[in-house]
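Asker: Each chain, written out:
2 protein chains.
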Amino acid sequence: MKDVGRKALEAEKAALKLANVSEEVRNEALQRVAVEIEKNCDKILEANEEDVDEAEKLLQEGEYSQAFVDRLKLDEGKIGKIAEMIRSVSGQEDPLGKTLDVTELDENLELYKVSVPIGVLGSIFESRPDVLPQVSSLSLKSGNSVILKGGSEAERSNSVLFEIIKETTEEVGIPEGWIQLIEARREVEELLEMDDKVDLLIPRGSKSFIRFIQENSRIPVLGHAEGVCHIYIDKEADLEKAVHVSYDGKVQYPAVCNAVETLLVHSEKAPEFLPRIAEKYEEAGVEMRGCEKTRDILEKWKVGKATEEDWKTEYLDLIISIKIVDKLEEAIDHINNYGSKHTDSIVSENKNRLLTFLESVDSSSVIANASTRFSDGYRYGLGAEVGISTEKIHARGPVGLEGLTTYKYYLIGNGHTVDTYSGTKAEPFTHKKIKKDWNKKKSL
Amino acid sequence: MKDVGRKALEAEKAALKLANVSEEVRNEALQRVAVEIEKNCDKILEANEEDVDEAEKLLQEGEYSQAFVDRLKLDEGKIGKIAEMIRSVSGQEDPLGKTLDVTELDENLELYKVSVPIGVLGSIFESRPDVLPQVSSLSLKSGNSVILKGGSEAERSNSVLFEIIKETTEEVGIPEGWIQLIEARREVEELLEMDDKVDLLIPRGSKSFIRFIQENSRIPVLGHAEGVCHIYIDKEADLEKAVHVSYDGKVQYPAVCNAVETLLVHSEKAPEFLPRIAEKYEEAGVEMRGCEKTRDILEKWKVGKATEEDWKTEYLDLIISIKIVDKLEEAIDHINNYGSKHTDSIVSENKNRLLTFLESVDSSSVIANASTRFSDGYRYGLGAEVGISTEKIHARGPVGLEGLTTYKYYLIGNGHTVDTYSGTKAEPFTHKKIKKDWNKKKSL
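Read top to bottom, the protein sequences are chains F and V. Here UniProt numbering is used: the first residue of the first sequence is 1, the next is one more, and so on. Here UniProt numbering is used: the first residue of the second sequence is 1, the next is one more, and so on.
Bound-form chain F, shown alone (with noise of 0.2 Å):
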């Protein structure tokens, strides 16, 4: 069996193994694993070293950027934070084991609904080392058994995060081969084509990076495209609200998915809002990119003309594209017309339009009255964050532990067969709805 294969299948069995180690277990491993990759800083250091001098040969002969070089560097610091990191997935509440739904069908056939792992995860990213241990930790958590793939870049750091990772749970009972490293290229290929054993895959990297899995693995991605988000600034919006509101979704951190791209303004509100804002964004240095009507209004202010091309781009900088618009409606099919799905917020004191708003722009978090950067798994409360998912199907917007979850039904009887419940005699369920938990009612 090649090589990739053997690790799914080990992979495979360890899932099953794991679907069962108590929460206490899987927490006292995560512990442990902080513990340890404070302990063991300067070998870490020293593998990143290594990793970080072959990068800037690479940076000098122009084929890594400096930005990327310094993604990959680790120091005491970040190294620190880590170990933070995988405490707080440590302290997060249990997705395993919730019960979801029980409903009686009869007497003594209770049907309960209960959370449980996936089973294996596929991750693959780039560069940045400290996505193994986010990556592992999420998996360890939620009871997943995890293939990795890091960037070549980051090879020997990945090597030694993965070690530290593995001997320290396998010591805690966590079942061997839970976690797998594969590292040459072409093993990626082997990885996407592996349907039958692994049932999730998590890429972390690039827009063209997560469409290249997306395109050529039959398996079931998790991750986000791109977030071409709108705040859309009602003819009704209280302007100080407008102008807090579009300033945060642009300036406060333009380079993340969930900062705004393009702000569409009702036409009465236009030659009020837009020299406030204006005015705001030159002083913090945003270029703006106007419709016609905007380049008029804000004819004082250097405002270059958006192109087709503008609604449709994910600047991730401090740019922006502006647009009139003379209705809600024109608006909100703007937004479905030319977004991605992930973000957009109305600001409106007008409770009907903010429902219309809200009810019929088709993105996975949509806003009324405040700042399109508030879609994040941390402020949604989720806790870590697995990403932001743009799909609509198992998991949508920010996703916690529990898009890394499925659940499982247990049909308890006492002998019950189906015949009862068939042709002209047949027996009525009674399916009503009971409040029971599942770890109660195993531990009567």
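These are calculated hints, taken from the structure and not from any lab test. Misleading hints may appear alongside valid ones.
Calculated lysine-lysine pairs in the DSSO-like style (CA-CA distance at most 27 Å, straight line) [said to hold, decoys possible]: (1) V:K166 - V:K73; (2) F:K98 - F:K442; (3) V:K432 - F:K98; (4) V:K166 - V:K235; (5) V:K81 - F:K425; (6) F:K351 - V:K425; (7) V:K435 - F:K433; (8) F:K442 - V:K241; (9) V:K73 - F:K432; (10) F:K432 - V:K440; (11) F:K13 - V:K113; (12) F:K73 - F:K17; (13) F:K57 - F:K43; (14) F:K441 - V:K305; (15) F:K351 - V:K305; (16) F:K425 - F:K435; (17) V:K327 - V:K241; (18) F:K436 - V:K17; (19) V:K113 - F:K436; (20) V:K432 - F:K113; (21) V:K269 - F:K81; (22) F:K78 - V:K425; (23) F:K436 - V:K435; (24) V:K98 - F:K351; (25) V:K351 - F:K433; (26) F:K351 - V:K440; (27) V:K78 - F:K425; (28) V:K235 - F:K17; (29) V:K436 - F:K436; (30) F:K442 - V:K43.
Since the structure of chain F is already known, use the hints to place chain V on it.
Answerer: Same frame as chain F, but now just chain V:
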């Protein structure tokens, strides 16, 4: 634009509107469709007769089987049942607008997670013309547009049913274009390519047919591959329950995916249990295939030799394979190895052994002391069944209307910006779970 592309675009546009059509209008439309189908009974039967005539010619040429032609054939009774089914879908609880979770992030900043339709469904099915009204009504009830592709052998029947549903629903106010029919085979290939417009595929048909769809589209597929279901008779099984459950699982209706295919029997129970069930199976005409030890115990009965192939086979017929195991763990391993993650039962009076089985078998339904035949949307109380999924992502096991929904986050603020919660002077989030209902919030 090609024909399928245009239809998918129409469906996508209609879906945005359909998401906000009230429950009353959706139900009214379904009720009216039921009436119109009854009214147009003659017209439907006429078209169906032409399909059947055509199929009978091909039957004589040996291309179709008699069973195939029988499945194709409608009569007044079957049409009455179709109307009844549509009324029952209409009567189900609305799967849309359910408040799944509410979190207060901070004062006046509330996050609602609410169930919404997925968008555009693609349904590809073979022969039986009652699938078209069933899938259409489930789609409409759950607020989804649907693109239908039936088998060419039912083209005339499907076309008449489609026209009735389309006209009736659009008259009542369901957005034009929500239902689309494609007919040519080459159009299926185009549909499978449309992962930017179609959100979920629901194929109905043979195993190989569903596998073909899964292998040829990037669109997520809701559909089960097969059901290789097991019943394990433990050494601490109650004999009467063991016999009842094993008989019901095989004999009550063998042609379905949740019927049992393999009995696993603990060696300590086998001498007592096997002759009892063999007698009943023989009476019912069940062909038995056993391992060596089984054949030794059942030497007085006609028991064939089970091969490796038998353990993997979904007979869908009055055939059963029987294997003797020495340990509970051996049964669990056999199921996780040869099963299809569908439905498996244990019969035992020992609670710890029941629990070990329930929690270690990686199937969508794991059952204690009851027949595998219970795992079904209707029996589980989910209402009309979309299918039984052996996938782990999105929906697992029997899938009701809920499987045709996703969710959306609504965040309601009052000018909130992320800046307030960032940096050294960051204010904390409250992240308080609150009991509120989106529909009530809306009407305030």
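Asker: Please go over all the hints and tell whether each is borne out by the structure.
Answerer: Results for each hint:
1. A distance of roughly 22 Å separates the Cα atoms of K166 (chain V) and K73 (chain V); the hinted pair therefore holds under the 27 Å criterion.
2. Distance restraint check for K98 (chain F) and K442 (chain F): the Cα-Cα separation of roughly 13 Å lies within the 27 Å cut-off, and the hinted pair is therefore satisfied.
3. Simply put, K432 (chain V) and K98 (chain F) have alpha-carbon atoms about 19 Å apart, close enough for the 27 Å limit, and the pair holds.
4. Pair hint K166 (chain V) plus K235 (chain V) does not hold up; C-alpha atoms about 58 Å apart against a cutoff of 27 Å.
5. For the hint pairing K81 (chain V) with K425 (chain F), the CA-to-CA distance comes to about 20 Å; that is within 27 Å, so the pair holds.
6. Among the hinted pairs, K351 (chain F) with K425 (chain V) is inconsistent with the structure: their alpha-carbon atoms are about 32 Å apart, more than 27 Å.
7. About 19 Å separates the Cα atoms of K435 (chain V) and K433 (chain F), which keeps this hinted pair within 27 Å; it holds.
8. Annotation: proposed proximity of K442 (chain F) to K241 (chain V) holds, straight-line Cα distance about 21 Å (limit 27 Å).
9. At most 27 Å may separate the alpha-carbon atoms for a hinted pair to count; K73 (chain V) and K432 (chain F) exceed this at roughly 37 Å.
10. About 25 Å separates the Cα atoms of K432 (chain F) and K440 (chain V), which keeps this hinted pair within 27 Å; it holds.
11. Simply put, K13 (chain F) and K113 (chain V) have alpha-carbon atoms about 35 Å apart, too far for the 27 Å limit, and the pair is violated.
12. Pair hint K73 (chain F) plus K17 (chain F) does not hold up; C-alpha atoms about 36 Å apart against a cutoff of 27 Å.
13. Among the hinted pairs, K57 (chain F) with K43 (chain F) is consistent with the structure: their alpha-carbon atoms are about 22 Å apart, no more than 27 Å.
14. Between K441 (chain F) and K305 (chain V) the CA atoms are separated by roughly 41 Å; this puts the pair beyond 27 Å, and the hint is violated.
15. Under the criterion of a C-alpha separation no larger than 27 Å, the hint pairing K351 (chain F) with K305 (chain V) is inconsistent with the structure, at around 72 Å.
16. Only pairs whose Cα atoms come within 27 Å are accepted, and K425 (chain F) paired with K435 (chain F) is rejected, the gap being roughly 30 Å.
17. Taking the CA atoms of K327 (chain V) and K241 (chain V), the gap is near 20 Å; set against the 27 Å cutoff, the hint holds.
18. Taking the CA atoms of K436 (chain F) and K17 (chain V), the gap is about 39 Å. The hint is violated against a cut of 27 Å.
19. Simply put, K113 (chain V) and K436 (chain F) have alpha-carbon atoms about 24 Å apart, close enough for the 27 Å limit, and the pair holds.
20. This hinted pair checks out: K432 (chain V) and K113 (chain F) have alpha carbons roughly 25 Å apart, not beyond 27 Å.
21. For the proposed pair K269 (chain V) and K81 (chain F), the alpha carbon gap of about 57 Å is over 27 Å, so the pair is violated.
22. Taken as a hint, the K78 (chain F) and K425 (chain V) pair is honoured in the structure, with Cα atoms around 22 Å apart against an allowance of 27 Å.
23. Annotation: proposed proximity of K436 (chain F) to K435 (chain V) holds, straight-line Cα distance about 20 Å (limit 27 Å).
24. Restraint check for K98 (chain V) and K351 (chain F): satisfied, since their Cα atoms lie roughly 20 Å apart, inside the 27 Å limit.
25. Only pairs whose Cα atoms come within 27 Å are accepted, and K351 (chain V) paired with K433 (chain F) is accepted, the gap being roughly 24 Å.
26. Restraint check: the Cα-Cα separation between K351 (chain F) and K440 (chain V) comes to about 14 Å, which is no more than 27 Å; the hinted pair holds.
27. Note on K78 (chain V) and K425 (chain F): the hinted pairing holds, with a Cα-Cα distance of about 22 Å set against a maximum of 27 Å.
28. Pair hint K235 (chain V) plus K17 (chain F) holds up; C-alpha atoms about 23 Å apart against a cutoff of 27 Å.
29. Among the hinted pairs, K436 (chain V) with K436 (chain F) is consistent with the structure: their alpha-carbon atoms are about 22 Å apart, no more than 27 Å.
30. About 57 Å separates the Cα atoms of K442 (chain F) and K43 (chain V), which puts this hinted pair outside 27 Å; it is violated.
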